[in-house]
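Colleague: From first to last, the protein sequence lines are chains A and B. Using numbering that gives the first Met the number 0, you'd call the opening residue of the first sequence number 0 and step up by one each time. Using numbering that gives the first Met the number 0, you'd call the opening residue of the second sequence number 0 and step up by one each time.
In short, the hints are calculated from the structure, not lab data. Keep in mind it's a predicted model, so treat the numbers as computed, not measured. Virtual Cβ for every residue (Gly too), placed ideally from N, Cα, C. Careful: at least some of the hints might be erroneous.
[Unchecked claim] What follows is a set of in silico ranges between Cβ atoms, one per label pair, in the way DEER data are often shown:
{"no.": "1", "chain 1": "B", "residue 1": "Ser20", "chain 2": "A", "residue 2": "Asp89", "range": "44 to 52 Å"}
{"no.": "2", "chain 1": "B", "residue 1": "Lys182", "chain 2": "A", "residue 2": "Lys105", "range": "25 to 33 Å"}
{"no.": "3", "chain 1": "A", "residue 1": "Ala198", "chain 2": "B", "residue 2": "Ser20", "range": "39 to 47 Å"}
{"no.": "4", "chain 1": "B", "residue 1": "Asp175", "chain 2": "A", "residue 2": "Lys164", "range": "45 to 53 Å"}
{"no.": "5", "chain 1": "A", "residue 1": "Val223", "chain 2": "B", "residue 2": "Glu284", "range": "48 to 56 Å"}
{"no.": "6", "chain 1": "B", "residue 1": "Ala174", "chain 2": "A", "residue 2": "Gly151", "range": "42 to 50 Å"}
{"no.": "7", "chain 1": "B", "residue 1": "Lys182", "chain 2": "A", "residue 2": "Trp56", "range": "35 to 43 Å"}
{"no.": "8", "chain 1": "A", "residue 1": "Glu205", "chain 2": "B", "residue 2": "Glu87", "range": "29 to 37 Å"}
{"no.": "9", "chain 1": "B", "residue 1": "Gly116", "chain 2": "A", "residue 2": "His101", "range": "32 to 40 Å"}
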Amino acid sequence: MANLKLLAEKAVQTRIAILQMIYQGKGGHIGGALSCTDILVTLYYTVMRIDPKNPGWEGRDRFVLSKGHSVEGLYAILADLGFIPRAELDSYRGFGSRLIGHPSNKVPGIEVNTGALGHGLSVGVGMALAGKMDQKDHKVYVLMGDGELAEGSVWEAAMAGSHYKLDNLIGIVDRNRLQIGGSTEDVMALEDLKAKWQAFGWEALEVDGHDFNSLVELAKLPIVPGKPHMIIANTIKGKGISFMENEVGWHHRVPNEEEYAQALQELELRMGAF
Amino acid sequence: MIKYASTRAAFIDSLTELAGSNPKTVLVCADSAKVIWADGFKERFPERFIDVGIAEQNAVACAAGLASCGLIPFVATYAGFITMRACEQVRTFVAYPNLNVKMVGANGGIGAGEREGVTHQFFEDLGILRAIPGITIVVPADASQVGKAVKAVANIPGPAYVRIGSGRDPVALDADLPFELGKTRVLKAFGDDVAIFTNGHAIPRALAGAEELSKAGIKATVVEVHTLKPLETEAIAEILAKTGAAVTVEDHSIIGGLGSAIAEVIAEQVPVPLARIGLRDRFPESGPAEQLMDAYGLSVGDITAACRQVLARKEGRHG
Numbered sequence: 000m001a002n003l004k005l006l007a008e009k010a011v012q013t014r015i016a017i018l019q020m021i022y023q024g025k026g027g028h029i030g031g032a033l034s035c036t037d038i039l040v041t042l043y044y045t046v047m048r049i050d051p052k053n054p055g056w057e058g059r060d061r062f063v064l065s066k067g068h069s070v071e072g073l074y075a076i077l078a079d080l081g082f083i084p085r086a087e088l089d090s091y092r093g094f095g096s097r098l099i100g101h102p103s104n105k106v107p108g109i110e111v112n113t114g115a116l117g118h119g120l121s122v123g124v125g126m127a128l129a130g131k132m133d134q135k136d137h138k139v140y141v142l143m144g145d146g147e148l149a150e151g152s153v154w155e156a157a158m159a160g161s162h163y164k165l166d167n168l169i170g171i172v173d174r175n176r177l178q179i180g181g182s183t184e185d186v187m188a189l190e191d192l193k194a195k196w197q198a199f200g201w202e203a204l205e206v207d208g209h210d211f212n213s214l215v216e217l218a219k220l221p222i223v224p225g226k227p228h229m230i231i232a233n234t235i236k237g238k239g240i241s242f243m244e245n246e247v248g249w250h251h252r253v254p255n256e257e258e259y260a261q262a263l264q265e266l267e268l269r270m271g272a273f
Numbered sequence: 000m001i002k003y004a005s006t007r008a009a010f011i012d013s014l015t016e017l018a019g020s021n022p023k024t025v026l027v028c029a030d031s032a033k034v035i036w037a038d039g040f041k042e043r044f045p046e047r048f049i050d051v052g053i054a055e056q057n058a059v060a061c062a063a064g065l066a067s068c069g070l071i072p073f074v075a076t077y078a079g080f081i082t083m084r085a086c087e088q089v090r091t092f093v094a095y096p097n098l099n100v101k102m103v104g105a106n107g108g109i110g111a112g113e114r115e116g117v118t119h120q121f122f123e124d125l126g127i128l129r130a131i132p133g134i135t136i137v138v139p140a141d142a143s144q145v146g147k148a149v150k151a152v153a154n155i156p157g158p159a160y161v162r163i164g165s166g167r168d169p170v171a172l173d174a175d176l177p178f179e180l181g182k183t184r185v186l187k188a189f190g191d192d193v194a195i196f197t198n199g200h201a202i203p204r205a206l207a208g209a210e211e212l213s214k215a216g217i218k219a220t221v222v223e224v225h226t227l228k229p230l231e232t233e234a235i236a237e238i239l240a241k242t243g244a245a246v247t248v249e250d251h252s253i254i255g256g257l258g259s260a261i262a263e264v265i266a267e268q269v270p271v272p273l274a275r276i277g278l279r280d281r282f283p284e285s286g287p288a289e290q291l292m293d294a295y296g297l298s299v300g301d302i303t304a305a306c307r308q309v310l311a312r313k314e315g316r317h318g
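The following block holds chain A by itself, in its conformation from the complex (with noise of 0.2 Å):
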């Protein structure tokens, strides 16, 4: 049974290494950062199977952050977990550091370079049929915005996906419904997004990706056998300060003094309420 307090407080935790990383940092994507933090928590500390003492362990679950620039929150993961030192996450994007505004591979934990959008499903089709072809039990999880679904090349993915019967393949998308121009249904409408998953041969299954009681249940997945599975996780862009909450200018800004300590603040208080 997932220790669902401790999911809580591991995201109050990741929630102000991203604070902390993007004020230091002078940049970073706080909003989608924010909005997938409970998911990507959820993820490394109860359902994926990993070792951060042997980052390339072939039976390792892979993990692919399709929408790259939300790096900030899986680093203060992986620097939790001891992929990399905690020390390293001042360095986020300084000079030479490893830790830049978009995962790669140089980074002990990291499958793939990502970041540039639409992509990651495509990669992660391609470790699942790794996968059946080598007989070896591992699973894919990709975790994608929702603003990136425009991406055709995704669904040339969602339709590889289905082909090959990938049970082992697990998409997420982070469903804040806001991207950089705007809301996601004004910019290029994806509704009915749950039907067009289904449509593609995938079970879909929708969740509250802020409710860590349902995304446990990620663990248990696949639930049907021979299909791979797309969750749409509805979440909201900058959760958890509530004045970034929902807000579209939130995408990429970074908070100036004031607006950090605030936001610190908040996070602090609900910190100490563990």
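Please arrange chain B on chain A, whose structure you already have, making use of the hints.
Modeller: Structure of chain B alone, referenced to chain A:
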């Protein structure tokens, strides 16, 4: 009399052999199995064959995923669909993370696309890939060389591209000649008046040009540069220093491919007169390969004229 042998068949034969000895070998197609004559491979290794349908972006990114799990995927389809349609996947998802993905592009050159027209004639592939860091780029001379080149790139880690042709490809070299990745080689040395750098199915034309010049008392050295990246710069500079004049002959745009690569060595290391034979920044038409290449500046006469012109410049005459 020109003899022909299929570079596509040679690729598949070689890949089939590789898969027989290394079960990590995988062929990834984008409904291109018929194009690259892969039926034999499919039959022998159905579990090592992946077809993603007409979706080259997915083919390349999916190959990246396979490679990240330790497999050795070969993505094979038309050259332009890999290097243009899936260009970003090649750059960001294969080359940048330095994944062990091999790419094989068919219909390289205007001659290889003969009757299909510009949509299926690819004369920019090498220029595009040369601009991306970290990809080994090979333009084998003919079918026999393709077979050997495929094994050579399989033996090195990291991304590689092998350019193949239409399936009706002129035999350029003796079948016994080895293939040594990364090495230039002198195919014919009449003398040091001018160096003719060439590769791929343009080689027979370069050799014919050198032969003709020799009869007229101009002694050329024909040098094959099958590995465009990494380029054997030192050997090329040495030849340039010896001849003091150069002509490049390739079935590719004169922008970005062999002509550009040699021009870069010349400009930075051994400034000598140069003329580039290739497609001169325009779209070709379609037609029989030999006729097409003659019409678009790759005739033997074009090559000899270019050699005379650089020779005149070398000797201080107006070419």
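Colleague: The structure should be examined with respect to each hint, and the outcome stated for every one.
Modeller: The hints, checked one at a time:
1. Ser20(B) - Asp89(A): 44 to 52 Å: holds (49 Å)
2. Lys182(B) - Lys105(A): 25 to 33 Å: holds (31 Å)
3. Ala198(A) - Ser20(B): 39 to 47 Å: holds (43 Å)
4. Asp175(B) - Lys164(A): 45 to 53 Å: holds (47 Å)
5. Val223(A) - Glu284(B): 48 to 56 Å: holds (53 Å)
6. Ala174(B) - Gly151(A): 42 to 50 Å: holds (44 Å)
7. Lys182(B) - Trp56(A): 35 to 43 Å: At 39 Å between Cβs, range holds.
8. Glu205(A) - Glu87(B): 29 to 37 Å: Holds - the Cβ-Cβ distance for Glu205(A) and Glu87(B), about 31 Å, lies within 29 to 37 Å.
9. Gly116(B) - His101(A): 32 to 40 Å: Once the Cβ atoms are compared, 39 Å apart, the range 32 to 40 Å for His101(A) and Gly116(B) holds.
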